[in-house]
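In order, the protein sequence lines correspond to chains A and B.
For the first sequence, counting from 1, position 151 maps to 151 in the working numbering; every step adds exactly one.
For the second sequence, counting from 1, position 134 maps to 134 in the working numbering; every step adds exactly one.
Note that these hints are calculated values from the structure, not bench results.
For glycine and all other residues, C-beta sits at the position ideal for the given N, C-alpha and C.
You may find that some hints are simply not true.
[Unchecked claim] Label pairs and their calculated CB-CB ranges:
#1 Leu-170/A to Ser-147/B: 39 to 47 Å
#2 Asp-189/A to Leu-100/B: 51 to 59 Å
#3 Ser-78/B to Asp-189/A: 53 to 61 Å
#4 Glu-252/A to Ala-74/B: 41 to 49 Å
#5 Leu-77/B to Gly-39/A: 17 to 25 Å
#6 Leu-77/B to Leu-54/A: 31 to 39 Å
#7 Tyr-51/A to Asn-69/B: 49 to 57 Å
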Amino acid sequence: MNPLASIGRTTMAFFATIGRISQFTGRAVFHCFVPPFYGRLLGRQLIEIGYYSLPVVGLTAIFTGMVLALQSYTGFARFNAEGAVASVVVLSITRELAPVLAGLMVSGRIGAAMAAEIGTMSVTEQIDALTTLSTNPFKYLVAPRLIAGVLMLPLLVLVADIIGVFGGYLVSVYKLGFNPTVYLERTWDILEPLDVVSGLVKAAVFGFLISLMGCYHGYHSRGGAQGVGAATTNAVVSASVLILAFNYMITELFFAI
Amino acid sequence: MMANNTPKIAIKDLHKRFGDKIVLDGVNLDVPEGQSVVIIGGSGTGKSVLLKNILGLLSPEKGSIQIDNQNVVAINLSERERVLQKVGMLFQNAALFDSLTVWENVAFGLIEGRGMKRKEAREIAIAKLADVGLGADIGIRSPAELSGGMRKRVGLARAIATDPEIIFFDEPTTGLDPIMGDVINDLIVDRVKHLGATTLTITHDMASARRIADKIAMIYKGKIIWAGPVSEIDASGNDFVDQFIHGRADGPIQMDVRAG
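Next comes chain A alone, as it looks inside the complex (with noise of 0.2 Å):
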């Protein structure tokens, strides 16, 4: 075997499928701002990714914060700034914890979802069908979740910010004897809209790629059960590994020094 033929062969490979998504992403793009727009089907989707979503997200979120404050709290007190809890977990959670883990958390349920959806219309040609009836598959299929994930993953992450607040909240006055009114006040002190902002900015980013990476394997799938089950690994393993990478992308954009 020739290893540098193998290694072309990867390499081809690789732009290939950059190249395909490419593809997908333009055109599913271009058809989520022409009409004909399917309003039933985009209000199922924001229902499907932003209300069902909510325990999952609300869960982390809330979790997430109590163990942030534990962990910051053994941290500092070790050169006595315990005072810097409150501000470790708003900013912890407004900036990275509550979009990217509510990001991974949507790409498990709500990726892997789509992709197995959509694979199954594919390889049991509902797709084609969809087209023999003169609507397009990615207007009807496509758009609705792309619109629904980036307007529904900033109103998740929201939630999640004052969630995970809450939860930094409880675990600070409850058991560790944070007086409430000085700890609400350091959260608020140090908070600015920056904060916030740069996490629903990610959030929306996210919401797309999770969509994208959906639909894309779903689409592409082919080979029956085998195939739609590849589909749906591969739509979460590339919707969360790409949600990290943006993560470092977007905060290198907004915070970088």
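Start from chain A and add chain B according to the hints.
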């Protein structure tokens, strides 16, 4: 309906390959207006690929497909959607949308394709379901609750819901018992006659082909090797056709079968 001289669908020198595998190798076929043409051929001979090329689900490398004198190979998306408004299609496994009820499936082309109000479309859907022998109570069910024969009938109702000028049937009787297969064949003949539509069917079920077809074409290795009226197929003089219609293992068509 009187057939005129211009074919409703004219396929000329159509080529399609997947990598090194040549699937269509210069297909030529005319489907006259108001007639029922059936393409027969074994598995993997290019029948489904031909149908997908006509519908625009695949793009050929070479050749033309004319529908009503318009070459549909190189048209843009909106023109294709206009052409597809003339078309109905019954898929092999019906391809019903799982997320919609039966009546919503039947009315889909009317609501989404033509912008009809849901109430009006529902009435038409119920009427079309009745045309294929299904009651209104079936309309509110989910496709997952239906048997194979019922799914095929719903698929047929969806294919004819918009009163299309052209209907494609992909293996309409595959997976059905012989009696249900005959019921579907009868429904196809009856509904197509009623609509006066032009139809193109692909199948390897000879009983179905004889029942549905005005004209039969046989595809083998990506080429149409014989075409003629259904009444002439038994005297085609073509060894490939003879072997296929009689379902013989011996003959010029060799299956890729390896001993275990």
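Now the hints, each set against the structure:
1. With their beta carbons about 56 Å apart, Leu-170/A and Ser-147/B fall outside the hinted range of 39 to 47 Å.
2. At about 54 Å, the beta-carbon gap between Asp-189/A and Leu-100/B stays in the expected band of 51 to 59 Å.
3. At roughly 57 Å, the beta carbons of Ser-78/B and Asp-189/A sit within the given window of 53 to 61 Å.
4. Between Glu-252/A and Ala-74/B the CB atoms are about 45 Å apart, so this pair conforms to the stated range of 41 to 49 Å.
5. About 22 Å separates the C-beta atoms of Leu-77/B and Gly-39/A, a value consistent with the hinted range of 17 to 25 Å.
6. Between Leu-77/B and Leu-54/A the beta carbons are some 38 Å apart, a value that agrees with the proposed interval 31 to 39 Å.
7. Take Tyr-51/A and Asn-69/B: their Cβ atoms lie about 52 Å apart, and the range 49 to 57 Å holds.
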